[in-house]
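There are 2 protein chains.
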Amino acid sequence: VLKFCLGSAGVILCIYYTCVNELYAMNEFELIKNLKSRYGLGSVGDDCAVLPNGSGVDLLMTADLLIEGIDFELSWSTAKFIGHKALAVSLSDIAAMGGSPKWAMLTLGIPEALWTGGFIDDFYEGWHALATAASVELIGGDISRSPDKLVVDSIVCGQVEHGRAVLRSGARIDDEIFVSGPLGGAAAGLAVLLKGSRQNAEISSVQQNLTLKQLKPSPQLRLANLLQTRNIATAMIDLSDGLSSDLHHLVEASQVGAEINIESVPICDRLEENFDLETVRDLVLNGGEDFELLFTCSPENGPAARELGCVKIGRITAKKGVVSANGSIEPRGFRHF
Amino acid sequence: VLKFCLGSAGVILCIYYTCVNELYAMNEFELIKNLKSRYGLGSVGDDCAVLPNGSGVDLLMTADLLIEGIDFELSWSTAKFIGHKALAVSLSDIAAMGGSPKWAMLTLGIPEALWTGGFIDDFYEGWHALATAASVELIGGDISRSPDKLVVDSIVCGQVEHGRAVLRSGARIDDEIFVSGPLGGAAAGLAVLLKGSRQNAEISSVQQNLTLKQLKPSPQLRLANLLQTRNIATAMIDLSDGLSSDLHHLVEASQVGAEINIESVPICDRLEENFDLETVRDLVLNGGEDFELLFTCSPENGPAARELGCVKIGRITAKKGVVSANGSIEPRGFRHF
Numbered sequence: 009v010l011k012f013c014l015g016s017a018g019v020i021l022c023i024y025y026t027c028v029n030e031l032y033a034m035n036e037f038e039l040i041k042n043l044k045s046r047y048g049l050g051s052v053g054d055d056c057a058v059l060p061n062g063s064g065v066d067l068l069m070t071a072d073l074l075i076e077g078i079d080f081e082l083s084w085s086t087a088k089f090i091g092h093k094a095l096a097v098s099l100s101d102i103a104a105m106g107g108s109p110k111w112a113m114l115t116l117g118i119p120e121a122l123w124t125g126g127f128i129d130d131f132y133e134g135w136h137a138l139a140t141a142a143s144v145e146l147i148g149g150d151i152s153r154s155p156d157k158l159v160v161d162s163i164v165c166g167q168v169e170h171g172r173a174v175l176r177s178g179a180r181i182d183d184e185i186f187v188s189g190p191l192g193g194a195a196a197g198l199a200v201l202l203k204g205s206r207q208n209a210e211i212s213s214v215q216q217n218l219t220l221k222q223l224k225p226s227p228q229l230r231l232a233n234l235l236q237t238r239n240i241a242t243a244m245i246d247l248s249d250g251l252s253s254d255l256h257h258l259v260e261a262s263q264v265g266a267e268i269n270i271e272s273v274p275i276c277d278r279l280e281e282n283f284d285l286e287t288v289r290d291l292v293l294n295g296g297e298d299f300e301l302l303f304t305c306s307p308e309n310g311p312a313a314r315e316l317g318c319v320k321i322g323r324i325t326a327k328k329g330v331v332s333a334n335g336s337i338e339p340r341g342f343r344h345f
Numbered sequence: 009v010l011k012f013c014l015g016s017a018g019v020i021l022c023i024y025y026t027c028v029n030e031l032y033a034m035n036e037f038e039l040i041k042n043l044k045s046r047y048g049l050g051s052v053g054d055d056c057a058v059l060p061n062g063s064g065v066d067l068l069m070t071a072d073l074l075i076e077g078i079d080f081e082l083s084w085s086t087a088k089f090i091g092h093k094a095l096a097v098s099l100s101d102i103a104a105m106g107g108s109p110k111w112a113m114l115t116l117g118i119p120e121a122l123w124t125g126g127f128i129d130d131f132y133e134g135w136h137a138l139a140t141a142a143s144v145e146l147i148g149g150d151i152s153r154s155p156d157k158l159v160v161d162s163i164v165c166g167q168v169e170h171g172r173a174v175l176r177s178g179a180r181i182d183d184e185i186f187v188s189g190p191l192g193g194a195a196a197g198l199a200v201l202l203k204g205s206r207q208n209a210e211i212s213s214v215q216q217n218l219t220l221k222q223l224k225p226s227p228q229l230r231l232a233n234l235l236q237t238r239n240i241a242t243a244m245i246d247l248s249d250g251l252s253s254d255l256h257h258l259v260e261a262s263q264v265g266a267e268i269n270i271e272s273v274p275i276c277d278r279l280e281e282n283f284d285l286e287t288v289r290d291l292v293l294n295g296g297e298d299f300e301l302l303f304t305c306s307p308e309n310g311p312a313a314r315e316l317g318c319v320k321i322g323r324i325t326a327k328k329g330v331v332s333a334n335g336s337i338e339p340r341g342f343r344h345f
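In order, the protein sequence lines correspond to chains X and S.
Counting from 1, position 321 in the first sequence corresponds to residue 329 in this note's numbering; the numbering is continuous, with no gaps.
Counting from 1, position 78 in the second sequence corresponds to residue 86 in this note's numbering; the numbering is continuous, with no gaps.
No wet-lab data here; the hints were simulated from the structure.
Source: prediction; values computed, not measured.
A portion of the hints provided could be inaccurate.
One copy or two, either will do: identical chains are not told apart, so a pair holds if it fits within one copy or between any two.
Capping the alpha-carbon separation at 30 Å, the derived lysine-lysine pairs in DSBU-like fashion look like this [said to hold, decoys possible]: (1) Lys203 <-> Lys157; (2) Lys224 <-> Lys157; (3) Lys88 <-> Lys157; (4) Lys88 <-> Lys110.
Next comes chain X alone, as it looks inside the complex (with noise of 0.2 Å):
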């Protein structure tokens, strides 16, 4: 999901471009990229808003929207994975900062159909689950009715050592790339789900185990927590766009290049079970959502990373873009616009 820290801000840019040329049609990335260059907004624009607090924490503030027919069905959903998700994708935001999840507001818009029966009271138990499981306290929020269809804004706010979150700008030439675990599953599990397969006992183990991890993905909060602590994560950000656009929004934010390789992005397991070569090589760099981190980290404590069982992809370079073996590797992740 994208994050636009300060990236409202980033809407005013759309006056420039429009003015300036009718034609350009920027993305949401761009708009964002072009209210950091033109504001110098150089810390903003992470994961998470940084907030100092006069005192020894900082804060760090968190928001995703989830809309039924864009982000999720309710054909190929359920109401306790769609709560599950919602605050997943937040507390990942969390800890791709490095951060701790502390509070949470839940900001729900409830189609009429929705209100009795049993919907929200699922959504809720699925929410209060991964809640309790990371700490998290529901705080508030708010509800409105909504024309047609469901409305969920998830918002976090954790903690950080002050000055020390884990910024997407901090990776350095010849740092080490990692990623936090294997790849593919969720955007796979979605492809399962859009070809009319449903989470239940009749399908296949494997199948089950993709649909899983694109509807009820898992924060890598307790990782995220020792890369900070042990000082290991030089950059992070967390894998929701998919890979190929994930590690741009890193190596732009640091102002590095990457150099991958492919062959050592580690595959969900039996993905290649399901799908042919080209299309697992698809899901596993453009898929998105597997909500796994992927970090920069100094050579020498690579062998800190591997023992944490995160899996080298690559290294920071002096020339800028991504690259692989093969050449270019462009950003082709989720986008909304």
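Starting from the known structure of chain X, fit chain S onto it as the hints suggest.
Just chain S now, with coordinates in the frame of chain X:
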């Protein structure tokens, strides 16, 4: 706009109620009220969540969801007004706690048709003008595509001296009840807009004034700050749902009752020119969205409240409920369900 600090946790009550009695149709206020009584959440369920911060300052957090077709229509509002109002309603929640706003996030679900063409630009212009006036910094948010309706979630984080937030629950028997300004204008403006008039030079100046009250409300931040720092307000709420409903919220939170003198409730200027007497009474009591403050203070502080331009409309009683000389006043303000 309904606030449900810890209110989402309230959805869990749907479980109990749908189990206990399938036919029991709860509105969103009942849901929150029941949550509070069942779980003993005495200090939550206010206009903002109050979060201790380990310092001399408590954090205030609020979120307000505005959805096209429910909270506004593109046919009678404008991008600029919607941007202004999205922030204004959240600032009003901060005001209702006696706090100062500091940071904001904006979450936008944008239909494709509004992505280009300047709408987002205008929206942000309206938002930003108010943010600048209120010294609020945009720190993040999220952008998603929306299938058809514009969705705006406005999140504001403020601050108040530790332990000094003005809660809904602080009203004491014999306290005087005040409102900060004339009521009924915003709801009257909505009626004007729904009849097909638009906020432009073609309508009378009275109607222009009314529609502006609906489209561009002014949060009472400065007054709220004075009421808080001078220790005047014992309990406070903003008038978003309507005087009848919001006064019920306040007295229920304070476990007291209220006697009001309807004749003393200040009426929006020249409202009688456009509406019959019965409608005026309904707009003033139940109209909502004026975003004036409703507060209580000790009789000794009554003169100080008057000096700030506030108007006494009644007093707090031991007997639960809200009454006037003509009998009981039921909560007939806005509700989503």
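(message) When Cα atoms must be at most 30 Å apart, do Lys88 and Lys110 count as within-copy, between-copy, both, or neither?
(response) So Lys88 and Lys110 pass the 30 Å test inside one copy only (21 Å; across, 34 Å).
(request) Can you give me the call for Lys224 and Lys157, within, between, both or neither, at a CA distance of at most 30 Å? (result) both (21 Å within a copy, 27 Å between copies)
(message) As a check of your reading, is Lys203 near Lys157 (CA-CA no more than 30 Å) within one copy, between copies, both or neither?
(response) Both: 22 Å inside a chain and 27 Å across chains, each within 30 Å.
(request) Go through the copies and call it for Lys88 and Lys157: within, between, both or neither, with a Cα cutoff of 30 Å. (result) For Lys88 and Lys157, both the intra-copy (17 Å) and inter-copy (24 Å) Cα distances are at most 30 Å.
In this structure, none of the earlier numbered hints is contradicted; all agree with it.
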